[in-house]
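Undergrad: This is what each chain is made of:
Number of protein chains: 2
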Amino acid sequence: MRLDHTHDVTAKSWLESANLKDTPFPLQNLPFGVFRRTGTAEGFRGGVALGDQVIDLGALADAAALHGLAVEAARACAKPGLNQFFDMGPTAWRALRHTLFALFKADGRSQSSSQHRSQLDTPGIDVLEKCLVAQSDVEYCVPAQIGDYTDFYTSLDHARNIVKLIRPDAIVSPNFHWIPSAYHGRVSSIGVSGQQIRRPFGQRLKAGSQEPELQACGRLDYELELGIFVGTGNEQGTRIPVESAEDHVFGLCLLNDWSARDIQSWESAPLGPFLAKNFATTLSPWIVTMDALAPYRAPWTRSEGEPQPLPYLSSAGTYESGAMDIQLEVSLETRETRRNGMSPTRLSRTSFRHQYWTVAQMVAHHTIGGCNLRSGDLLGSGTISGPTHGEAGALIELTEAGRAPLKLPNGESRSFLEDGDIVVMTGWCERPGYARIGFGENRGEVTPAKWA
Amino acid sequence: MRLDHTHDVTAKSWLESANLKDTPFPLQNLPFGVFRRTGTAEGFRGGVALGDQVIDLGALADAAALHGLAVEAARACAKPGLNQFFDMGPTAWRALRHTLFALFKADGRSQSSSQHRSQLDTPGIDVLEKCLVAQSDVEYCVPAQIGDYTDFYTSLDHARNIVKLIRPDAIVSPNFHWIPSAYHGRVSSIGVSGQQIRRPFGQRLKAGSQEPELQACGRLDYELELGIFVGTGNEQGTRIPVESAEDHVFGLCLLNDWSARDIQSWESAPLGPFLAKNFATTLSPWIVTMDALAPYRAPWTRSEGEPQPLPYLSSAGTYESGAMDIQLEVSLETRETRRNGMSPTRLSRTSFRHQYWTVAQMVAHHTIGGCNLRSGDLLGSGTISGPTHGEAGALIELTEAGRAPLKLPNGESRSFLEDGDIVVMTGWCERPGYARIGFGENRGEVTPAKWA
Chain A
1 MRLDHTHDVT AKSWLESANL KDTPFPLQNL PFGVFRRTGT AEGFRGGVAL GDQVIDLGAL
61 ADAAALHGLA VEAARACAKP GLNQFFDMGP TAWRALRHTL FALFKADGRS QSSSQHRSQL
121 DTPGIDVLEK CLVAQSDVEY CVPAQIGDYT DFYTSLDHAR NIVKLIRPDA IVSPNFHWIP
181 SAYHGRVSSI GVSGQQIRRP FGQRLKAGSQ EPELQACGRL DYELELGIFV GTGNEQGTRI
241 PVESAEDHVF GLCLLNDWSA RDIQSWESAP LGPFLAKNFA TTLSPWIVTM DALAPYRAPW
301 TRSEGEPQPL PYLSSAGTYE SGAMDIQLEV SLETRETRRN GMSPTRLSRT SFRHQYWTVA
361 QMVAHHTIGG CNLRSGDLLG SGTISGPTHG EAGALIELTE AGRAPLKLPN GESRSFLEDG
421 DIVVMTGWCE RPGYARIGFG ENRGEVTPAK WA
Chain B
1 MRLDHTHDVT AKSWLESANL KDTPFPLQNL PFGVFRRTGT AEGFRGGVAL GDQVIDLGAL
61 ADAAALHGLA VEAARACAKP GLNQFFDMGP TAWRALRHTL FALFKADGRS QSSSQHRSQL
121 DTPGIDVLEK CLVAQSDVEY CVPAQIGDYT DFYTSLDHAR NIVKLIRPDA IVSPNFHWIP
181 SAYHGRVSSI GVSGQQIRRP FGQRLKAGSQ EPELQACGRL DYELELGIFV GTGNEQGTRI
241 PVESAEDHVF GLCLLNDWSA RDIQSWESAP LGPFLAKNFA TTLSPWIVTM DALAPYRAPW
301 TRSEGEPQPL PYLSSAGTYE SGAMDIQLEV SLETRETRRN GMSPTRLSRT SFRHQYWTVA
361 QMVAHHTIGG CNLRSGDLLG SGTISGPTHG EAGALIELTE AGRAPLKLPN GESRSFLEDG
421 DIVVMTGWCE RPGYARIGFG ENRGEVTPAK WA
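Line by line, the protein sequences are chains A and B. At position 88 of the first sequence the residue is numbered 88 (our numbering), and the sequence of numbers has no breaks. At position 354 of the second sequence the residue is numbered 354 (our numbering), and the sequence of numbers has no breaks.
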């Protein structure tokens with residue numbers, strides 16, 4: 001994590017859409033995803049978002065005069081998953097980032113064709129333009145072949161909110177203060193923004209009843225999380241020290257950990273959530289790299305009375321800049337709001353900087369027993385809730401387990417999600433003197449239960 | 001699940017080692033695995049165990065006159081993982097089983113070369129012999145690319161044993177009687193028999209202490225389980241009905257769910273076990289098919305006072321032959337017993353027929369919320385413990401959480417596993433009028449903790 005010229009706020013692209021005030025994808029961002037032209041039989045392949053375009057990395061490797069590690073890296077991206085590119089490590093990731101920054105930066109080059117500049121070892125803008133595909137014309141897939149997905153539980157505010165709902169005098173499990181808690185999640189049902197989420201059936205126990213019944217979920221919820229893609233892994237039986245843990249992380253995306261609360265409360269003892277979570281998980285298509293996030297790091301602190309972490313979770317880096325100030329927002333579209341052309345309703349707004357445990361601590365803890373991470377593995381941050389009510393990352397917290405339904409501006413109300421609801425998550429970073437970079441959108445639509 | 005001529009106990013092979021009384025792999029078994037010649041750079045590929053040999057399926061497809069679906073199936077096996085073969089479904093699995101049975105059956109054919117029998121559409125024994133590799137010359141890998149690994153918790157005897165250790169008056173969680181409980185496990189650390197298990201580090205809380213410490217695991221344990229390989233999956237948002245669930249299962253192997261009990265007790269609330277389990281899981285190399293297991297099915301019953309399952313977990317098939325009488329045994333080798341050339345010590349002996357939930361119920365429950373299974377996914381049965389003390393599937397049960405150490409015949413004692421211990425699991429089926437078929441061995445060795 002270091003600042004360099006790719007974070008220079010004054011840098012502009014010759015691609016005008018990358019310089020627009022509201023784009024999530026200015027030249028300083030350069031997030032990675034996997035795409036193809038919508039509805040075609042083209043192969044999915046790696047690309048980088050810039051303005052309203054996708055840079056087709058395989059096409060760029062074929063067409064442009066990339067050099068050395070950057071061309072190898074671009075070719076490694078020209079596949080349906082970014083695993084091989086991830087596995088090349090931070091030097092290769094950075095080489096490609098720097099090359100893309102240089103190629104797409106406005107440097108006084110005219111729009112002249114490459115013929116007029118053949119003596120220069122840099123492709124002309126006309127060549128580069130042929131490697132662009134409009135984002136409006138593409139569809140995305142999950143950007144890596146995910147070997148394992150681990151979901152953490154790292155927001156103390158979320159943990160406190162949940163515990164209070166169960167019993168006002170209950171306390172958060174003592175191990176929360178010592179362990180970046182986690183459990184293994186389901187890989188097969190992970191999808192990308194635009195995913196349709198069929199309301200699941202499952203067992204639930206009605207209040208006062210001794211016998212469960214099989215029903216469509218009546219308390220469907222979202223959870224606002226960040227997804228963390230592992231870049232490089234470790235051998236089984238070894239650990240990743242907290243000091244170097246971030247070198248193993250490629251980048252972050254938005255993650256919706258859909259949750260069936262009624263199924264969850266009946267099934268979860270003693271092994272944790274299973275069917276309540278494994279029917280679907282939705283990712284945003286773009287992975288914002290750790291390099292792009294460098295300017296938005298924040299100090300990480302422990303409130304008074306909270307224990308300091310054990311040495312294997314502690315390093316100077318953890319304290320100075322372990323947190324990340326990533327702004328997050330969840331909005332809801334309903335069938336009604338869409339029919340009436342109304343704006344989505346904002347449900348919450350928070351920042352990732354409130355998390356009790358850092359990304360480096362998650363990685364270090366995950367491997368302390370010798371568990372091997374692999375390139376392309378996914379970690380979920382756990383629900384991100386800030387300290388105030390409007391910062392809660394799930395409906396169960398916002399509505400006090402349904403007891404205090406949310407009123408929407410159009411008169412509708414919500415205790416939990418209804419069929420046709422679309423949950424939209426967005427994220428961005430901003431800091432004076434630096435660019436505003438975005439994560440794009442994570443959208444998922446609830447469809448009715450179906451006995452199929 | 002049907003009986004046919006491949007279950008005929010009188011059938012013998014022209015390969016003599018397949019007819020020996022003690023072989024786990026007679027002609028009636030034909031289990032699948034993935035192998036290569038030890039220490040070579042050969043590609044791993046699918047094979048079938050017969051006597052003391054491995055039938056190299058790719059070589060067989062190239063060399064012998066296989067027909068139709070059987071040759072397609074054999075070619076699909078000629079890869080480092082059996083996923084594509086699994087995905088072909090039960091008709092293809094059966095076609096290959098029947099073809100192998102016919103080719104390797106002693107049918108009065110002499111050992112004459114194929115030249116003398118060229119008018120017949122069956123390869124000569126000399127051709128088939130060239131497709132055999134001695135098991136003593138091969139090494140194995142995990143037999144499929146596992147997309148997701150789910151570990152169940154389906155032995156009521158195990159659940160009762162564990163609960164009693166915590167508090168004598170405690171009861172098994174009420175949902176146990178309604179749900180084939182499960183949680184997602186770790187794929188990356190799954191290995192095959194022969195795996196070395198490095199003793200993990202992890203947080204543990206000493207009795208009476210408020211603050212955990214990082215230590216090498218002091219209570220390392222095994223868990224005796226069966227691994228269940230998913231043959232064909234389901235689309236996300238659909239379910240697999242219990243009536244057809246077994247058609248989606250390819251077969252079973254032996255599984256050791258290594259467990260760090262001290263780490264487990266501190267970390268598991270509220271999300272379930274994580275680092276206590278994810279450092280390693282060991283599989284036996286051979287998958288015994290559901291077809292081979294057909295003669296050893298057993299009725300499945302609910303004791304009086306136990307609730308009948310909800311309709312989605314209930315079918316005539318579940319009751320009549322839902323259980324499987326698979327004999328299981330765990331033995332321990334120590335550094336001392338090896339040094340002195342002593343036999344391993346048998347720690348327990350039980351049968352899979354005691355499980356509270358069936359394989360079909362596990363599959364049906366897993367998908368009732370629309371979670372998609374994929375070819376090659378692995379389900380663990382959960383620890384298999386029978387009703388009596390000597391049938392417990394883990395040391396924590398056998399030694400009452402270490403309070404009653406086991407005495408070994410050589411004077412050693414064990415509360416939990418020590419460095420150098422090798423846990424050996426074996427399994428087999430037998431029934432009057434049918435062949436005795438085996439699972440082979442699942443061995444794993446504990447190596448010392450290392451701060452690496």
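The set of hints was computed from the structure by calculation and includes no laboratory data. Treat the hints with care, as some may be off.
What follows is a set of in silico ranges between Cβ atoms, one per label pair, in the way DEER data are often shown [as the list claims (entries may be wrong)]:
#1 310/A <-> 168/B: 43 to 51 Å
#2 406/A <-> 247/B: 43 to 51 Å
#3 168/B <-> 400/A: 32 to 40 Å
#4 406/A <-> 210/B: 38 to 46 Å
#5 420/A <-> 452/B: 32 to 40 Å
#6 214/B <-> 406/A: 38 to 46 Å
Here are a few chain A residues that sit away from chain B, every Cβ distance over 12 Å (derived from the structure) [as the list claims (entries may be wrong)]:
#7 136
#8 150
#9 203
#10 340
#11 368
#12 422
If you're wondering where the values come from, they're calculated on a predicted model, not measured in any experiment. Positions of the beta carbon are idealized from the N, C-alpha and C atoms, including for glycine.
Undergrad: Could you run down the list of hints and mark each one as holding or not?
TA: Now the hints, each set against the structure:
Judged by the Cβ atoms, the range 43 to 51 Å given for residue 310/A and residue 168/B is violated: they are separated by roughly 33 Å. Range check, residue 406/A to residue 247/B: about 45 Å between beta-carbon atoms, so the 43 to 51 Å window is met. For the pair residue 168/B and residue 400/A, the supplied restraint of 32 to 40 Å holds, since their beta-carbon distance comes to about 38 Å. Residue 406/A and residue 210/B have their C-beta atoms about 40 Å apart, which keeps the hinted 38 to 46 Å range intact.
The beta-carbon spacing between residue 420/A and residue 452/B, approximately 52 Å, falls outside the hinted interval of 32 to 40 Å. Roughly 43 Å separates the CB atoms of residue 214/B and residue 406/A, a value that falls within the hinted 38 to 46 Å. Every C-beta of chain B lies more than 12 Å from that of residue 136/A, the closest at about 27 Å, which supports listing it as non-interface. For residue 150/A, the requirement that its beta carbon stay farther than 12 Å from each beta carbon of chain B is not met, with the minimum near 8 Å.
Not every beta carbon of chain B lies more than 12 Å from that of residue 203/A, the smallest distance being close to 6 Å; the non-interface claim is violated. With a minimum CB-CB distance of about 29 Å to chain B, residue 340/A clears the 12 Å threshold, and the non-interface call stands. Look at residue 368/A: its CB is around 6 Å from the nearest CB on chain B, not clear of 12 Å, so calling it non-interface is violated. Annotated as non-interface, residue 422/A keeps its C-beta farther than 12 Å from every C-beta of chain B; the closest such distance is 17 Å.
Of the numbered hints listed earlier, those contradicted by the structure are 1, 5, 8, 9, 11.
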